[in-house]
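Use the sequences and the hints to build the structure in full.
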Amino acid sequence: MSAEAGPATAGAPDGAIRRVRLPADRRTPAAARAVVRSVLTESHLDELANEALLLTTELTTNAVEHARTELDIEVVADAVGLTVTVSDFAPGSGDELTVGTRNDSTEIDEVSERGRGLLLVDHFASRWGTTYLPTGKGVWFRLDRPGADAPDEGADGDPRVSTDRSSPSASAMSELMQTAPDLYADDPLPDFATSLLSRVAEMVGAAGGTIRLDRGDGQGRQVLARFGRPPRPGSELLRVPLTVHRPYGGELELDAAPSAYARPLAVLTAERLSLHLENDRLRRADVRRQVWLTFLAEASELLAQSLDVDLTMALVPQLVVPRLGQWCAVHTADEWGRLRLAAASHADESMLPQLHKVLAETGQDSIQARLREASRSAAQIPLGGPMEGFAVPLIARGERLGTLAVGRHQRHRHDPDEVAVLEDVARRAALAIENARIHAERRRVAQTLQQSLLPPVLPLVDGIGFAAEYVPTGDDAEVGGDFYDVVPLPDGRWLVVIGDVSGKGVQAAAVTGLVRDVIRVLVGDGKPLPEVLARLNETLVERGGGRYCTLALAAVGPGQGDQLDVSLHLAGHDQPVLLAGAGGAGFVGTSGTALGLLDTITSPTAKIVLSPGDSLIFYTDGVTERRRGRELFGTDRLRDAAAPLAGYSADVVAARLRSAAINFSVEPPRDDIAILVLRNDAI
1 MSAEAGPATA
11 GAPDGAIRRV
21 RLPADRRTPA
31 AARAVVRSVL
41 TESHLDELAN
51 EALLLTTELT
61 TNAVEHARTE
71 LDIEVVADAV
81 GLTVTVSDFA
91 PGSGDELTVG
101 TRNDSTEIDE
111 VSERGRGLLL
121 VDHFASRWGT
131 TYLPTGKGVW
141 FRLDRPGADA
151 PDEGADGDPR
161 VSTDRSSPSA
171 SAMSELMQTA
181 PDLYADDPLP
191 DFATSLLSRV
201 AEMVGAAGGT
211 IRLDRGDGQG
221 RQVLARFGRP
231 PRPGSELLRV
241 PLTVHRPYGG
251 ELELDAAPSA
261 YARPLAVLTA
271 ERLSLHLEND
281 RLRRADVRRQ
291 VWLTFLAEAS
301 ELLAQSLDVD
311 LTMALVPQLV
321 VPRLGQWCAV
331 HTADEWGRLR
341 LAAASHADES
351 MLPQLHKVLA
361 ETGQDSIQAR
371 LREASRSAAQ
381 IPLGGPMEGF
391 AVPLIARGER
401 LGTLAVGRHQ
411 RHRHDPDEVA
421 VLEDVARRAA
431 LAIENARIHA
441 ERRRVAQTLQ
451 QSLLPPVLPL
461 VDGIGFAAEY
471 VPTGDDAEVG
481 GDFYDVVPLP
491 DGRWLVVIGD
501 VSGKGVQAAA
511 VTGLVRDVIR
521 VLVGDGKPLP
531 EVLARLNETL
541 VERGGGRYCT
551 LALAAVGPGQ
561 GDQLDVSLHL
571 AGHDQPVLLA
581 GAGGAGFVGT
591 SGTALGLLDT
601 ITSPTAKIVL
611 SPGDSLIFYT
621 DGVTERRRGR
631 ELFGTDRLRD
641 AAAPLAGYSA
651 DVVAARLRSA
661 AINFSVEPPR
671 DDIAILVLRN
681 DAI
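Letter by letter, the sequence shown follows residues 1 to 683 of the UniProt record's numbering.
Don't read these hints as lab results, they were simulated from the structure.
Honestly, I wouldn't trust all of these hints.
What the hints assert, rightly or not - Derived CB-CB ranges, DEER-like:
#1 L460 <-> V666: 30 to 40 Å
#2 L302 <-> V666: 16 to 26 Å
#3 S350 <-> E236: 42 to 52 Å
Think of the CB as a built atom: it goes at the ideal place given N, C-alpha and C, for glycine as much as any other residue.
So this is what it looks like as structure tokens:
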């Protein structure tokens with residue numbers, strides 16, 4: 001039959017004709033079968049139903065998948081048979097669309113790959129062929145009743161009545177094509193593959209068969225399905241590769257005698273299985289990617305929680321091993337590019353000494369040399385034996401921090417997904433290490449700056465005890481605004497200073513340093529305390545910036561006998577606690593105006609006498625505003641905590657009050673805590 005020949009419609013006027021147009025939709029094959037079934041019933045051709053419905057399904061499915069256009073379905077029935085034509089509207093030349101008709105000497109193997117479904121048409125149809133039109137292409141088939149005389153097709157006819165009595169039946173072919181995996185099974189592929197293999201083996205008379213699959217997980221080809229007995233030694237087996245994408249691979253193997261339909265049916269079965277294997281591969285890849293995304297999210301969270309450089313670098317190998325490699329090592333680079341091993345881990349702890357030894361070796365072909373190359377070139381470098389793997393540079397914000405070296409899995413090499421995840425881990429690890437380094441530098445600067453605002457030691461004065469406790473805020477990388485100082489006065493007295501500048505950070509530290517220095521300069525010039533406060537207020541108002549300061553100044557000197565006279569000035573600061581040596585505690589002083597808010601201030605003077613054993617306790621609001629949920633430590637709790645400490649030294653009083661404030665809550669301090677104790681130590 002030539003490609004241009006059309007279907008026979010002899011007797012059509014006495015039979016039934018149906019013509020419908022259907023969309024390119026997955027439901028089209030079912031609609032086409034309904035049309036064919038109605039014509040068969042009307043024409044009393046029910047004995048042709050199995051073959052007619054199977055071939056209609058194949059032609060419409062093929063047209064929907066490849067042409068992707070509307071379809072015209074024509075069904076013509078006569079007294080002896082049925083003709084079905086499926087036409088599409090896809091453009092293209094005849095050569096491109098030829099489906100592979102054959103004459104009597106043509107082997108079925110020559111049917112084109114993309115027309116594999118036409119094997120069924122070729123097998124069951126009495127005749128079939130193609131018709132090319134300007135608008136598209138039509139594929140038709142003819143089914144005749146058994147024993148009926150086929151109508152004469154003229155010179156271009158091409159009889160297709162099958163004489164191979166051992167060929168597969170329509171019901172067997174239908175069962176093979178309709179076999180599908182169990183959608184509700186946890187792993188439907190083994191049962192599905194076994195069902196396909198047993199059906200095709202029975203159809204071609206195979207004594208046995210095997211389907212092997214390699215999922216690329218390092219375990220090699222595993223038996224997915226087996227049928228019949230193992231092949232005899234020396235048997236020539238029919239092998240068909242599975243058409244799946246990497247890393248999947250495999251083959252279908254049949255111990256079958258050569259026949260016209262053995263290989264085509266094996267290929268058809270392999271392709272049908274391959275489709276579901278591809279779905280399995282994509283599903284597993286999607287699940288695996290979801291797992292990797294979860295892993296990366298968890299790794300990022302863990303790395304972000306650590307702001308300690310050494311802890312961060314020690315955490316990276318623990319994240320990688322054994323999930324992404326057999327071993328892992330983190331090297332850091334100094335300013336000259338020299339690498340230093342910072343952390344390493346191995347799935348087998350007994351191998352750690354050998355790993356450290358190999359990583360420490362030097363030489364042209366050593367792992368150390370490859371690590372230096374990876375760090376220098378900022379590119380991934382493979383590592384050779386004895387510890388195979390690869391090295392990824394650690395780069396953050398354009399700076400080369402070192403390398404992340406990972407050893408291959410024991411059973412298989414890293415696949416592309418794992419390499420991509422490792423590169424992502426390296427980027428996140430580098431950023432975490434850089435953030436930890438930045439935080440460590442900020443912490444060091446903050447600590448240095450904070451220490452410069454506080455006296456290194458308090459003076460030792462006969463008859464007067466000084467003690468202080470300072471706890472910075474929970475964020476040790478921030479500079480607080482709390483400070484204290486003890487300054488000698490020109491008249492022989494001592495000035496006790498404690499203050500709190502609003503806010504935190506460098507700006508607050510700058511104002512703190514300014515207040516501290518202005519006080520030292522003014523009292524060094526012999527200025528009275530009210531004038532010192534007034535001058536300091538003018539300075540802060542002129543400076544602007546919205547910063548203000550609360551301050552407590554207390555000039556202490558000898559009084560009558562063993563007593564100490566204290567002149568107390570409070571500029572918006574909390575009242576100090578007077579702890580009597582004989583017992584009892586209470587607040588003293590009169591609060592004035594905070595500095596830096598108003599042009600003029602008030603600073604009432606309070607005269608206090610400290611008898612031997614009496615203490616005056618100064619503090620900042622970090623103590624009283626220490627929070628436990630909604631509850632504050634408060635001034636009353638501070639006074640009650642101080643009362644039992646009567647008679648103790650200034651050091652003990654300060655330390656006990658610090659512990660009471662810190663232990664009030666499990667949370668780190670939100671504000672600086674400063675406590676300064678002045679005690680009359682006269683005996």
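Quick rundown of the hints versus the structure:
Separation of L460 from V666 is about 37 Å and conforms to the stated range, judged on CB atoms against 30 to 40 Å. Range check, L302 to V666: about 22 Å between beta-carbon atoms, so the 16 to 26 Å window is met. Under the hint 42 to 52 Å, the C-beta atoms of S350 and E236, about 50 Å apart, fit the expected range.
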